[in-house]
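Undergrad: Here is how the chains run, residue by residue.
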Amino acid sequence: QVTLRESGPALVKPTQTLTLTCTFSGFSLSTSGMCVTWIRQPPGKALEWLALINWDDDKYYRTSLKTRLTISKDTSKNQVVLTMTSMDPVDTATYYCSRGYSSSWFFDYWGQGTLVTVSS
Amino acid sequence: DIQMTQSPSSLSASVGDRVTITCRASQGISNSLAWYHQKPGTAPKLLLYAASRLESGVPSRFTGSGSGTDYTLTIINLQPEDFATYYCQQYYGTPLTFGGGTKVEIK
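Chain order of the listed sequences is A and B.
Letter by letter, the first sequence follows residues 1 to 120 in our numbering.
Letter by letter, the second sequence follows residues 121 to 227 in our numbering.
The following block holds chain B by itself, in its conformation from the complex (with noise of 0.2 Å):
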C-alpha cells in the first residue's frame, strides 16, 4: 500500500498569511494527488485534483504543486471559511489512501 504522509498535522495562523501543508507519499504517484478541506461535522470537499487542477467553484487562493513523491497545498490569504482539516489523498493505485490530515486553526 502507498502511504500517505502529511505534515504537520496541525498549525495555527491569522487571516491573511500564507500557509503550505506537504504531502509525501511512500513512492512516486505521478500527480495522482487530491487535496481536500473538512469542517467539523461536514463531509469533505474535494479542493484540487491531478495535483495542481482547481475544482470548480474553488477559489484561486488554493495552489497545489509537487511531483514523483513530494506535494504541496499552499493556500495564500488565508480567509476565515479556510480553517478546516486539510486532507490530501493518493489515487495512482488501490487501495486508495489518505494522508493523516493538518488541522489549520485560528492563531
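Here chain A stands alone, though its shape is the one from the complex (with noise of 0.2 Å):
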C-alpha cells in the first residue's frame, strides 16, 4: 500500500525557509522509473507544481521559484525533502507531495497535504 504525508511547520515568518519532509512507504525511490514531486494550491486556488525528484536524482523546478527551491531524497529513509528560501505571505498555500514515474509525470498517489500559512 503506497502512502505519503507531509511534514513541516505550519507557520513561518517571512523572509524565513520553509523546509517540508515527504514521508513515503510502498515504494522506493531507489526503484527505477519511480519519481516524487511538490504541489502547492494557494486558498481557493488552483494547483502549481513546484518540483520533481526522479529515482536516478534528476530534479526539476518550476521556472519562477527556482532560484527559491531545492528538493532532495533519502532512499535510507524513504524521505524527500523541500526547501523554499525568503518565504512571502503569497506562498500561503497548502502543500503536497505526490508519487509518480519518471517516464510520464503523471501523479497517482498523494498525501493529505499541509497547510504553510506565510505571516508575521
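Since the hints were derived computationally from the structure, they do not count as laboratory data.
Be a bit skeptical, because a hint or two may be false.
Pairwise CB distance ranges, derived in the manner of DEER restraints [said to hold, decoys possible]: (1) A/Thr117 - B/Gly148: 33 to 41 Å; (2) A/Ser28 - B/Asp121: 24 to 32 Å; (3) B/Gly148 - A/Lys13: 38 to 46 Å; (4) A/Thr3 - B/Gly161: 14 to 22 Å; (5) A/Ser32 - B/Ala170: 18 to 26 Å; (6) B/Pro160 - A/Gly26: 20 to 28 Å; (7) B/Lys223 - A/Pro89: 23 to 31 Å; (8) A/Ser103 - B/Pro179: 24 to 32 Å.
Each computed DSSO-like pair below joins lysine-lysine, with the alpha-carbon atoms no more than 27 Å apart [what the hints assert, rightly or not]: (9) A/Lys59 - A/Lys45; (10) B/Lys227 - B/Lys165; (11) A/Lys59 - A/Lys77; (12) A/Lys66 - A/Lys77; (13) B/Lys223 - B/Lys165; (14) B/Lys165 - A/Lys45; (15) A/Lys59 - A/Lys73; (16) A/Lys45 - B/Lys227; (17) A/Lys59 - B/Lys165; (18) A/Lys13 - A/Lys66; (19) A/Lys73 - B/Lys165; (20) A/Lys45 - B/Lys223; (21) B/Lys159 - B/Lys223; (22) A/Lys45 - A/Lys66; (23) A/Lys45 - A/Lys13; (24) A/Lys73 - A/Lys13; (25) A/Lys45 - B/Lys159; (26) A/Lys77 - B/Lys165.
Don't be surprised by glycine CBs; every beta carbon is placed ideally from N, CA and C.
Reconstruct the complex from the two isolated chains, following the hints.
TA: Below, the structure is given as C-alpha cells:
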C-alpha cells in the first residue's frame, strides 16, 4: 500500500526558509522509474507544480521559483525534502507531495497535504 | 513554459447529465495529459492519463480524448460524487503545468 505524508511547520515568518518533509511507504525512490514531486495550492486557487526528483536524482523546478527551491531525497529513510527560501505571504498554501513515474510525470498517489501560512 | 487553459472555469449540472471540460495547451503535448478531480479539503485524485487511459478503479463514465493541443474530459451520467473541481496537467515537458480548474457544481 502506497502512502505519503507531508510534515513541516504550519506557520513561518516572512523571509524565513521553509523545510517540508515527505515521508512515504509502499515504494522506493531507489527503484528505477519512480519519482516524487511537490505541488502546492493557495487557498481557493489552482494547483501549482513546484519541484520533482527522480529515482536517479535528476531534479526539476518551477521556472519562477527555481532560485528559491531545493529538492532532495534520502532513500534510506524513504523521504523527500523540499526547502523554499525567502518565504512571503503569497507562498501561503497547502503543500502536497505525490508519487509519479519518471517516464510519465503524472501522479497516482498523493499525501493529504499540509497547510503552511506565511505571516509575521 | 507550456500554458494550459481550461474551460469553462465553472459549470452547473444535474445528476445524470453529460459534462464536457476542455483543456488547451499552448503547444502540442502528444497526449501527455492527465486529469484529476479534487473535492474540498482533500488531495487531488488521478482520473486519466495519456489523455484517454483510465486510472485503475476510476468509473468508466469518465472518458478522455484529444490530440495535439486540444483535450477533453467527458463525464456521462454525472453522479453526486462527481461534483468537484477538475484539473488537467501536461507532462510533455518540465516545468509541469496545470490548468486553472473547472468547478462542477450542482444545478
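Undergrad: Return the numbers of the hints above that this structure violates; sort them in rising order.
TA: none
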